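With the hints as a guide, dock the two chains, each given alone in a separate frame, to form the complex.
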Amino acid sequence: MTIPVLEIRNLHARIEEREILKGVNLVIPPGQVHAIMGRNGSGKSTLSYVLAGKEDYEVTEGEVLLNGENILEMEPDERAAAGLFLAFQYPIEIPGVATMTFLKAAINAQRKARGEGELSTPDFMRAVKEAGAQLNIDSEMLKRPLNVGFSGGEKKRAEILQMALLKPSLAVLDETDSGLDIDALQVVARGVNALRDGERSMLVITHYQRLLNHIVPDVVHVFSDGRIVESGDKELALKLEAQGYAGYDGQAA
Amino acid sequence: MRPNFPVRLGPAEETLIAQLKSVGAEQAAERISVAGLPTRRVESYHYTDLKTLLRTIPPLGQPANEASAPALRVPGAFQLMIANGVVQNAATAPAGVIVGTAHGGVLTNRDDVIVNVSNALAKEALSLTLESSVDPVIQIDRRIEGEAAHVADALKIFVADGASAVILETFSGSDAAHVGNHASYLALGKNAVVTHITIDLSARAVSHFATNEYHLADGAQLRTLVIHAGAGLARTHLFPTLSGPGAHTDLTGLNLVSDGQHVDITMETLHAVPNTSSKPLFKSITRGRSKAVVQGKLVVARDAQKTDAKLMSQGLMLSDEAEILSKPELEIYADDVVCGHGSTCGKLDEDSLFYLLSRGIPKAEAETMLVRGFIAELLDPVEDEALNEALQGIVDGWLLGGK
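Quick note, the sequences are listed as chains A and B, same order.
With our numbering applied, the first sequence corresponds to residues 1 to 253, in that order.
With our numbering applied, the second sequence corresponds to residues 1 to 403, in that order.
Okay, chain B solo, but in the shape it has when bound (with noise of 0.2 Å):
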């Protein structure tokens, strides 16, 4: 039907039709001549309507020349580089590290426009083999240097049986109108532990697409932490797929977002097999005119029989033309399974701060500690001493930041 009636295109998607096929790939090209990108009617971008929102698309990314300091420094960590789209010279890896490079497109195929223009657009890929427990943490610094660009990198980490590693994502860059199209592809052995945080950093002009997809195996635990405090537009979709008996996530998600910010993180998670389970934790705190979307699906497989998950998604609404969207999704297959979803949205308690007031506590400084206590228990669990110090910085400076 669509061929008969072919959709109308703006200058976003003649720019990234040509993009594709500048370097060949014609097919998805294709899909975006006949679909163009996702409106509302289109169910994952129900809340984030890039025909509206993207209204054009800067020139490919060439190679940057220089580099702005790390947006954020973690004592301790090992540090490698993405920018524009080229993976840097890297200090000597430690231990249990080997660090190279694979070609782009690390995504699985899917019907989704920015996977598919990032598997099209992105050369190459730091890959990076964990073969046993890393110690520092791991810091990949993906920036986007320069005149406004368009950008597709990649990043594929596997981790052995039985390793552990935290890895952090940093997104940064300059301050032109970039569109930043992170791809993240990491596969978790059997009993592998990770935590994987990504944080966008970026300047307000940008624009910051970001899939996170997860594959684990057996008894495979994976912590996420995606923190949205940078771009004007940000979006993270995260694929996680729990393929292995006894594989558990705990994906978690914070929004923090100010005037003029459109802030969405999506979630698909596939339960494939029995006896999995996954607990997504996702928090928004919206100021001025803002607009947070977190949409969790669960996917629970015809024979994921004993699956457990519980989808929890919290709003906190700093002012009153804040918006906070919300949308669970279960779509289950088996029949003996545990699922279940929860969203709640408000304002400040205001007992809680008469409390707090009624202690001597100032009112500004009063506020500070119950939304610094609202994102407590995404931050807790982050065990590495600087890097929770970091993190907790990262929700000052938001705090400081005003509107």
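If we strip away everything but chain A, and leave its shape as in the complex, we get (with noise of 0.2 Å):
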């Protein structure tokens, strides 16, 4: 059997003394786009930054394996060099790092890392350059600091494009969709969808069906009070747009 991507065992995560994972479990094989749906509030996000290694989150129970390997113990830095992606719902605005400066810094810091040598700058220009053209970035954007003065979809246009040059074989996408008209949408899934080969696998989180018509999911999971309480293709999604997440707070309670 082909390892997984990310295989996620009864994993329990709480900030100070209040738990908010309570046993999640979830299996992602290579090339697999699985959507996590879920209210606000039920713990998706706090899912995306565990994984990241976000320090005010605390692991008391269960297992993270990206492609096989025990991240949990790993610093964010280590799990990003180890493949695993995090596009921000709200990117960081970071004065006086240029956005150049910061994407060649995290690119060599990953192949330094997996003990590859730096990237020449010719070839790191041509990479930035590429990957900007499909999602509308010009290199004017690029020569700000990073994220500061983004419109909202510049934003996430440039996860995008980060994800893009990094190249992780898991991207997690939190909420992606929020705060984009519906034209930034289309360049924002389009930009995702190039980036489906097969191999890599993406965890779309978001709260509405919406995104799902852009970035077409091979599974569907309701997310509710710190699990997974429901699995299935992506016509639920379509379910959950038109009955709402009421049913589930019962069942979950």
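Derived from the structure by calculation, the hints contain no laboratory data.
As the structure is a prediction and not an experimental result, all values here were calculated from the model.
Beta carbons are placed, not taken as given, at the ideal position from N, Cα and C, and that holds for glycine.
Be aware that one or more of the hints could be misleading.
Using 27 Å as the maximum straight-line C-alpha spacing, the simulated DSSO-like pairs for lysine-lysine come out as follows [stated by the list, open to error]:
| id | chain 1 | residue 1 | chain 2 | residue 2 |
| --- | --- | --- | --- | --- |
| 1 | B | K123 | B | K21 |
| 2 | B | K347 | B | K297 |
| 3 | B | K297 | A | K155 |
| 4 | A | K167 | B | K363 |
| 5 | B | K279 | A | K143 |
| 6 | B | K347 | B | K363 |
| 7 | A | K143 | A | K167 |
| 8 | B | K327 | B | K279 |
| 9 | B | K327 | B | K306 |
| 10 | B | K327 | B | K310 |
| 11 | A | K104 | A | K167 |
| 12 | B | K310 | B | K363 |
| 13 | A | K54 | B | K347 |
| 14 | B | K363 | A | K54 |
| 15 | A | K112 | B | K21 |
| 16 | A | K234 | A | K167 |
| 17 | B | K347 | B | K279 |
| 18 | A | K104 | B | K347 |
| 19 | B | K297 | A | K143 |
| 20 | B | K327 | B | K297 |
| 21 | A | K54 | A | K167 |
| 22 | A | K155 | B | K347 |
| 23 | B | K363 | A | K104 |
With beta-carbon atoms standing in for the labels, derived distance ranges [unchecked claim]:
| id | chain 1 | residue 1 | chain 2 | residue 2 | range |
| --- | --- | --- | --- | --- | --- |
| 24 | B | S44 | A | G41 | 31 to 37 Å |
| 25 | B | E377 | A | I3 | 44 to 50 Å |
| 26 | A | Q134 | B | R73 | 52 to 58 Å |
Some chain A residues flagged as far from chain B (calculated, every beta-carbon gap over 10 Å) [said to hold, decoys possible]:
| id | residue |
| --- | --- |
| 27 | I3 |
| 28 | I15 |
| 29 | I28 |
| 30 | I94 |
| 31 | V97 |
| 32 | R144 |
Rendered as structure tokens:
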């Protein structure tokens, strides 16, 4: 059997004294796109932060395997080098750090961690230009400080650009559709779909079904009160859109 | 009242008084006899109590026999040197620059001990007249060499109407416990455009005092950048006077403060006439057990309507023991002005750090990126590429320097 790209076993996590993840189980085989849907406060974003290794959360139980390797003991930068990428719901603005400088540092840090040589400047420029063109990102935008003064759409496109350049084996997209108008959503979805190559897996976290019209998932999971309560194919998303999450709250309680 | 209750004088004060008397500066000596060195009760020295911080004053400096290499090399710069207070022969001056010497005592007298001592002890000043725009960066290498010495040196620069220049001062020398008292006087003619950068790269044992006095005529544009990255005790006092309408100044400064250091930027800007503007922006980065001080005072004269001034002080604390003290003061006598001040202080932002880590950038590198980012708006306006690179090198050197 092929090793899943992501395997989450009975994951429990808390922030301070409050338990937020209460036994998450999830397996994503290579090349598949899974969606997690759930209402606000159900713990979806917490799951993404716990996967990426944010310090505020404490894992109390369970395992997370990325390509068969337990990543819970790894620092966030080590997880990234191991192939994990989190597209943030709210990308952070970092004044004074030029976007290009940041991109180059990220790419080369990951290459170094994997024992590969640094990318030459011409190769780097070429890669950025190619990836940027698909996402309507021009060089003017890349000259600005990282995410500073970017519109909502620009921030999300910049996230996808990073994903295209860093080539993760697992991309976690946290509410990538939030704050996007329909045109921007299509650009972002096109960028994401271009990175579906039969190998790379994705976990798409969203509140609305709308995004899933554009990034069509192989499996849809319903998230409620810190765990997955139902899984199905893409039709499940449509059912949720029609009926809401109310039915699951009772079930989960 | 004071003469009846003379302050108790310490060894530093006794030495200073003797040195002032030895050059015939009776009045300056008398002031110290009566008041002593300023303590925290003197408002402008509130956080930099010289009576406590300055325990000894070394003997007055003698002309230096040897000089070490320049503390900072900027390719293409025109370099001048003042060593132990004495102006050295310079290479051929570039077009537009007249180099000479003048009497010391270049600062306007005011109630400030550092200013008074400078005016009394500085024997000669390097004098520069910039008749027209000067292309190369003008670097004045001010150094104190040899055994521990008390040195007062001076610089006086006139910039003609419409001329532009980039002037860099570097302070360095041997690693003895010097006390340096460095005066710089810059007068900018109408519409002159000047960038003035002063960098303290002295040894840790040094006590470094600099006073920069600026006069801006109509439409003159001044950008300053003070960098403290050397002496254990450092204080730069900025006195800009905007005396012509349309004059503008961006006063910036950077305190890079490591364990055991006490570093202070104090500014007192006078908006003397209507329609002038200033934008002071000072940043401090502290680590270990250290102290950074930023005091900024904006004075708006009674007639100086339409003054536009915004003072900002930002601090970044890299350790729990570091202290950053920030004090803004507004003294406004006009009634139609826009004046403001702000101050922030904190640690590296956790969310920003996590974002960089999540992209695979290791922690130490991510922290360096954030610190550089914090400083960028001070260095970015320096357009000369070689100079900008040299400044970045100082910051990087400090970051690599550990505690």
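For each hint, the structure was consulted:
In summary, the hint linking K123 of chain B to K21 of chain B is supported, as the alpha carbons are separated by about 14 Å, within the 27 Å threshold. Taking the CA atoms of K347 of chain B and K297 of chain B, the gap is near 26 Å; set against the 27 Å cutoff, the hint holds. A hinted pair counts as satisfied when its Cα atoms are at most 27 Å apart, and K297 of chain B with K155 of chain A does not qualify at roughly 39 Å. For the suggested pair K167 of chain A and K363 of chain B, the alpha carbons sit about 21 Å apart, so the restraint of at most 27 Å is met.
Between the alpha carbons of K279 of chain B and K143 of chain A the distance comes to roughly 25 Å, so the proposed pair stays at or under 27 Å and holds. Proposed proximity of K347 of chain B and K363 of chain B is supported: the alpha carbons are some 15 Å apart, at most 27 Å. The suggested pairing of K143 of chain A with K167 of chain A holds, with an alpha-carbon distance near 22 Å, which does not exceed 27 Å. Of the pairs offered as hints, the one joining K327 of chain B and K279 of chain B holds, with about 16 Å between alpha carbons and a cut-off of 27 Å not exceeded.
A C-alpha spacing of about 24 Å is found between K327 of chain B and K306 of chain B, which places the hinted pair at or below 27 Å, so the restraint holds. Taking the CA atoms of K327 of chain B and K310 of chain B, the gap is about 14 Å. The hint holds against a cut of 27 Å. With a C-alpha separation of about 14 Å, the suggested pair K104 of chain A and K167 of chain A falls inside the 27 Å cut-off, and the hint holds. Restraint check for K310 of chain B and K363 of chain B: the C-alpha separation of about 35 Å exceeds 27 Å, so the hint is violated.
Note on K54 of chain A and K347 of chain B: the hinted pairing holds, with a Cα-Cα distance of about 18 Å set against a maximum of 27 Å. Between the alpha carbons of K363 of chain B and K54 of chain A the distance comes to roughly 13 Å, so the proposed pair stays at or under 27 Å and holds. Pair hint K112 of chain A plus K21 of chain B does not hold up; C-alpha atoms about 65 Å apart against a cutoff of 27 Å. Restraint check for K234 of chain A and K167 of chain A: the C-alpha separation of about 26 Å stays at or below 27 Å, so the hint holds.
Between K347 of chain B and K279 of chain B, the direct Cα distance comes to roughly 24 Å. Compliance with the 27 Å bound is thereby established for this hinted pair. The straight-line distance between the Cα atoms of K104 of chain A and K347 of chain B is roughly 25 Å, inside the 27 Å bound, and the hint therefore holds. Taking the CA atoms of K297 of chain B and K143 of chain A, the gap is about 36 Å. The hint is violated against a cut of 27 Å. Our distance criterion of 27 Å between C-alpha atoms is met by K327 of chain B and K297 of chain B, whose separation comes to about 8 Å.
With a C-alpha separation of about 21 Å, the suggested pairing of K54 of chain A with K167 of chain A holds against the 27 Å cut-off. As the CA atoms of K155 of chain A and K347 of chain B are separated by approximately 25 Å, the hinted pair is consistent with the 27 Å bound. Of the supplied pair hints, the one linking K363 of chain B and K104 of chain A holds, its CA atoms being roughly 16 Å apart against a limit of 27 Å. Hint check: S44 of chain B to G41 of chain A, Cβ distance near 54 Å, so the stated range 31 to 37 Å is violated.
For the pair E377 of chain B and I3 of chain A, the beta carbons lie near 48 Å from each other, so the given range of 44 to 50 Å is met. Take Q134 of chain A and R73 of chain B: their Cβ atoms lie about 45 Å apart, and the range 52 to 58 Å is violated. With a least beta-carbon separation of about 22 Å from chain B, I3 of chain A lies farther than 10 Å from that chain, consistent with its non-interface assignment. Against the 10 Å criterion, I15 of chain A stays outside the reach of chain B, whose nearest CB is about 14 Å from its own CB.
The non-interface label for I28 of chain A is consistent with chain B: the shortest C-beta to C-beta separation is roughly 19 Å, beyond 10 Å. The non-interface label for I94 of chain A is inconsistent with chain B: the shortest C-beta to C-beta separation is roughly 5 Å, within 10 Å. Distance to chain B contradicts V97 of chain A as a non-interface residue, since its nearest Cβ pair spans about 4 Å, not more than 10 Å. Separation of R144 of chain A from chain B is adequate, the least Cβ-Cβ distance of about 12 Å exceeding the 10 Å criterion.
In this structure, the earlier hints numbered 3, 12, 15, 19, 24, 26, 30 and 31 are contradicted, and the remaining ones agree with it.
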